[in-house]
Amino acid sequence: MSEPRTHRAGGDKAKDTDVVALLMRQHGDIRNLFDEVEQSKGKERRTAFHRLVRLLAVHETAEEEVVHPFVRRMVPGGEQVVEDRLAEEKAAKETLATLDEMDTDDPKFMPQLMKLRKDVQEHARAEERYEFIHIRRHTDAINLAVMAKAVKAAEAMAPTHPHPGVESLARNVALGPVAALMDRTKDAVRKAMGND
Amino acid sequence: MTFNPLEQRGIPLDRQLRNWREMNVQPIDPDRGDPYTRCRIITMNGIEVEAILFSHQLARNTVDPDVKRQLARTRYIEAQQQKVVNWLLPGVSSVLETTIAYEQVAVDLTAWVARMEPDPYLRQAYQFGVLEDFDHLFRYANLYEMIEHRKAESIVDNLTEVMPGRPTKFHHRDPYDNVRDPYDKNEANPLSKLHALTIMSAEQQTMNFYMNTGPTYMEPIARQLYQEIGLIEEEHVTHYESLVDPGETWWEQLVNHEYNECYLYYSFMEQESDPKVQAIWELHLNMELEHLHTACDMMRRYDGREPQEVLAPELPKVVTFAPNKQYLRGLLDTQMDLTTLGAGYVREAHERFEKMQEQIHGGQEPPSERVMAEHDDVFGREYRVQSEGEHPDPALREK
Chain L
6 MSEPRTHRAG GDKAKDTDVV ALLMRQHGDI RNLFDEVEQS KGKERRTAFH RLVRLLAVHE
66 TAEEEVVHPF VRRMVPGGEQ VVEDRLAEEK AAKETLATLD EMDTDDPKFM PQLMKLRKDV
126 QEHARAEERY EFIHIRRHTD AINLAVMAKA VKAAEAMAPT HPHPGVESLA RNVALGPVAA
186 LMDRTKDAVR KAMGND
Chain V
69 MTFNPLEQRG IPLDRQLRNW REMNVQPIDP DRGDPYTRCR IITMNGIEVE AILFSHQLAR
129 NTVDPDVKRQ LARTRYIEAQ QQKVVNWLLP GVSSVLETTI AYEQVAVDLT AWVARMEPDP
189 YLRQAYQFGV LEDFDHLFRY ANLYEMIEHR KAESIVDNLT EVMPGRPTKF HHRDPYDNVR
249 DPYDKNEANP LSKLHALTIM SAEQQTMNFY MNTGPTYMEP IARQLYQEIG LIEEEHVTHY
309 ESLVDPGETW WEQLVNHEYN ECYLYYSFME QESDPKVQAI WELHLNMELE HLHTACDMMR
369 RYDGREPQEV LAPELPKVVT FAPNKQYLRG LLDTQMDLTT LGAGYVREAH ERFEKMQEQI
429 HGGQEPPSER VMAEHDDVFG REYRVQSEGE HPDPALREK
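As given, the protein sequences belong to chains L and V, one line each in that order.
The first sequence begins at 6 in the numbering used here and counts up by one.
The second sequence begins at 69 in the numbering used here and counts up by one.
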């Protein structure tokens, strides 16, 4: 069976005028990448994991810059909703940091990856159920589109299929480049939101 | 192996109540478990929901307060069983993911029952229905990829193919044509009675699930698709419940319900791959044995008959969740264009069918067609899992 892969959100032909729909599709993309890492081996696993780390970093940064501030500002009780999500993100980042320092062939890698997968999945569902519903309730189509544009600007920072030569450098996964990536993402988002 | 529930004793009823700690079960892994474990959970939830609802109906038709109290005692335990079984589903799954699992149940459970059903008229009813659930799975899978960017194969795991069945838009029939003829309670094979009760319960739970969860979606196409398929599930409940002989007394029906629960818990205990879930099937079987004996006592007292007169002499061959790909392909090849006429089946669109189609569609494409068009706009293709090759019907191959 030759089932084509699901295009990354932003790479399909969806209109992407609704930040919530866009973020939900990205949650799926992240799960798909977890599957890819789990199902591959050796060099392939390293490159898939590299892509996963970058997508996670960019996605979470975009949410921190776009979604959380909106909820904090516009939603009654939003402060607590955001605090809960930030605590989950912190836990996920700690697992991510442990994984980053590990060789993908290390026998301890997979159990750690499975833990991260579970944390990320629970966090994503909590966002969808307790945070995203408030966004749609408290804003209009124009604002949903503006926020979608900002998230898409962030996604552009995590190329879906980077050049193989670049990807094979497993050490790119190290925290330095990821932190720099997060900074670049923040800049891109702020620019798209017109805050800069 | 002969297991006769009538000869086994279980846990005494006054020792069946569970506390909160015992009720607090660990849910299954949402992504890495055996898909058929999830199918067995969804099936048993439907069976327990029917047990509870049936017992309520019986109580409402009962005058004697002592009998009402007896029913209430067993029913409370059944309500706990339902909570334990359904709470095995993980909170992290989305409604759409659970929906796809419900349709996998409808496909593989109904196909198995059709294969094992001894009566040709009843078998036809299951063969007819399964091609519709098969198409629902296809439509929901496309909605799922659109909303969550995930593929249904991550849920059904290549055990069940995902491709068009009888197109959903043709499932909307005049209600007159949804009523089947019942089996004859005195002539029917005991297995046929269990099959009818099982599939009726599963479809009823699917109807309940869609009617309640459909409006939790915000995406217009999702809301509309749940409305459309939810209505078809009502047709399916009508279809399957009319197979049951209405001449069975209330007590006879109660005994059949309890016996069926024993049969299914036993079946699933025999094949369960997840040891924690298997322990629950075993525990619940041991509870159901006592519910069955209580029901048998009531039948003896109020009907003046022996339950053995209506039950199987021994437990039939177990119900099994297993792939039915080739069987379904055979049906796709031969029964796609069927519809119902009265209590039978025809290949031509008849006047009543066409009138219903005209009225419900109102000159528009239904949600089940629009979901495919919207999916195509985004991905430029359909989502299918055709692990065994091209679609058997050339007209339904991908262009």
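Hints may contain errors.
Said to hold, decoys possible - Here are the simulated DSS-like cross-link-like pairs (lysine-lysine), alpha carbons at most 30 Å apart as the crow flies:
#	chain 1	residue 1	chain 2	residue 2
1	L	Lys95	L	Lys48
2	L	Lys157	L	Lys95
3	V	Lys219	V	Lys136
4	L	Lys191	L	Lys154
5	L	Lys98	V	Lys253
6	L	Lys18	V	Lys237
7	L	Lys196	L	Lys18
8	L	Lys18	L	Lys157
9	L	Lys123	V	Lys151
10	V	Lys344	L	Lys120
11	L	Lys157	V	Lys344
12	V	Lys467	V	Lys393
13	V	Lys151	L	Lys113
14	V	Lys237	L	Lys95
15	V	Lys219	L	Lys18
16	L	Lys20	L	Lys154
17	V	Lys237	V	Lys385
18	L	Lys120	L	Lys95
19	V	Lys393	V	Lys344
20	V	Lys344	L	Lys113
21	V	Lys467	L	Lys18
22	L	Lys20	L	Lys120
23	L	Lys48	V	Lys136
24	L	Lys154	L	Lys196
25	L	Lys157	L	Lys48
26	L	Lys20	L	Lys196
27	L	Lys123	V	Lys237
28	V	Lys151	L	Lys46
29	V	Lys219	L	Lys123
30	L	Lys20	V	Lys393
31	L	Lys157	L	Lys120
32	V	Lys237	V	Lys136
33	V	Lys385	L	Lys120
34	V	Lys393	V	Lys237
35	V	Lys253	L	Lys154
36	L	Lys20	V	Lys423
37	L	Lys20	V	Lys385
38	V	Lys253	V	Lys219
39	L	Lys157	L	Lys196
40	L	Lys120	V	Lys219
Because the hints were derived from the structure by calculation, they are not lab data.
Comparing the hints with the structure gives:
no. : hint                 : verdict
1   : L:Lys95 to L:Lys48   : holds, 29 Å
2   : L:Lys157 to L:Lys95  : holds, 23 Å
3   : V:Lys219 to V:Lys136 : violated, 48 Å
4   : L:Lys191 to L:Lys154 : holds, 14 Å
5   : L:Lys98 to V:Lys253  : violated, 63 Å
6   : L:Lys18 to V:Lys237  : holds, 26 Å
7   : L:Lys196 to L:Lys18  : holds, 24 Å
8   : L:Lys18 to L:Lys157  : holds, 13 Å
9   : L:Lys123 to V:Lys151 : holds, 24 Å
10  : V:Lys344 to L:Lys120 : holds, 21 Å
11  : L:Lys157 to V:Lys344 : violated, 43 Å
12  : V:Lys467 to V:Lys393 : holds, 22 Å
13  : V:Lys151 to L:Lys113 : violated, 37 Å
14  : V:Lys237 to L:Lys95  : violated, 48 Å
15  : V:Lys219 to L:Lys18  : holds, 17 Å
16  : L:Lys20 to L:Lys154  : holds, 11 Å
17  : V:Lys237 to V:Lys385 : violated, 36 Å
18  : L:Lys120 to L:Lys95  : holds, 14 Å
19  : V:Lys393 to V:Lys344 : holds, 29 Å
20  : V:Lys344 to L:Lys113 : holds, 26 Å
21  : V:Lys467 to L:Lys18  : holds, 19 Å
22  : L:Lys20 to L:Lys120  : violated, 34 Å
23  : L:Lys48 to V:Lys136  : violated, 67 Å
24  : L:Lys154 to L:Lys196 : holds, 11 Å
25  : L:Lys157 to L:Lys48  : holds, 29 Å
26  : L:Lys20 to L:Lys196  : holds, 21 Å
27  : L:Lys123 to V:Lys237 : violated, 38 Å
28  : V:Lys151 to L:Lys46  : violated, 41 Å
29  : V:Lys219 to L:Lys123 : holds, 18 Å
30  : L:Lys20 to V:Lys393  : violated, 36 Å
31  : L:Lys157 to L:Lys120 : holds, 28 Å
32  : V:Lys237 to V:Lys136 : violated, 44 Å
33  : V:Lys385 to L:Lys120 : violated, 41 Å
34  : V:Lys393 to V:Lys237 : holds, 23 Å
35  : V:Lys253 to L:Lys154 : violated, 65 Å
36  : L:Lys20 to V:Lys423  : violated, 37 Å
37  : L:Lys20 to V:Lys385  : violated, 53 Å
38  : V:Lys253 to V:Lys219 : violated, 44 Å
39  : L:Lys157 to L:Lys196 : holds, 12 Å
40  : L:Lys120 to V:Lys219 : holds, 22 Å
This entry does not satisfy hints 3, 5, 11, 13, 14, 17, 22, 23, 27, 28, 30, 32, 33, 35, 36, 37 and 38, going by the numbered hints stated previously.
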